[in-house]
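In case you want the letters, here they are:
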Amino acid sequence: EAEVAQSPRYKITEKSQAVAFWCDPISGHATLYWYRQILGQGPELLVQFQDESVVDDSQLPKDRFSAERLKGVDSTLKIQPAELGDSAMYLCASSLWSSGNTIYFGEGSWLTVV
Amino acid sequence: KNEVEQSPQNLTAQEGEFITINCSYSVGISALHWLQQHPGGGIVSLFMLSSGKKKHGRLIATINIQEKHSSLHITASHPRDSAVYICPNSGGGADGLTFGKGTHLIIQP
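Taken in order, these protein sequences are the chains called A and B.
Just so it is clear: in the first sequence, position 109 is 109 by this note's numbering, and no numbers are missing.
Just so it is clear: in the second sequence, position 21 is 21 by this note's numbering, and no numbers are missing.
Hints may be right or wrong, so weigh each one.
Which chain A residues face chain B? A few, computed with CB under 8 Å, are given here [claimed, not checked]:
#1 GLN41
#2 GLY42
#3 PRO43
#4 GLY106
#5 GLY108
These are calculated hints, taken from the structure and not from any lab test.
Bear in mind that the values here come from a model prediction, so they are computed numbers and not experimental data.
Here a beta-carbon is modelled for each residue, glycine too, at the ideal position from N, C-alpha and C.
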């Protein structure tokens, strides 16, 4: 069964270092989402792509976070420099098109900043 | 603003019990999802609803668009159903999902 792939699964990094997460959505899915989930809370949307274009990045802390989906397929989310408060799970999800389609989530990437 | 509220926030039940989790939202939506998240794990999409009712195995999801309310039912609950159940929706002018805090379900053997 097709799935959303994410890596790394777990990452520990020191404060002020750079960290990157990768996501490969289900083949053919035009919409890709990055969510951040802090322990005990629901996920919050960081960025949404439609193909290679950013549709919504209003909640992305742009001073330190960046996301790209250059060829409209896989995507990278980068944090530089990492801060202690960035410790969370970063979830990638994809769907055929936005709204009204089933959304498929990856296993998530756990980040611990020390 | 699109707000999602779930009840109960925490639920502990015995194996075999019929479980109901409720979800209310505040704006018109295009679709509502029911998701399952196991501790430390990723998220599994259970249902996507825009109207009516869907059934998959022991799980049933219903939605009432007029009342802005959805329910997830689990029949013959099992300890492996223990997870956080979340009902995000897409609406309020945004395509991304709006999440509530979820319902923590524990099924005891």
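Cross-check of the supplied hints:
1. GLN41: holds, 7 Å
2. GLY42: Constraint on GLY42 of chain A satisfied, holds at 3 Å.
3. PRO43: OK, holds: PRO43 of chain A within 8 Å of chain B, min 5 Å.
4. GLY106: Holds: closest Cβ of chain B sits about 6 Å from GLY106 of chain A, inside 8 Å.
5. GLY108: holds, 5 Å
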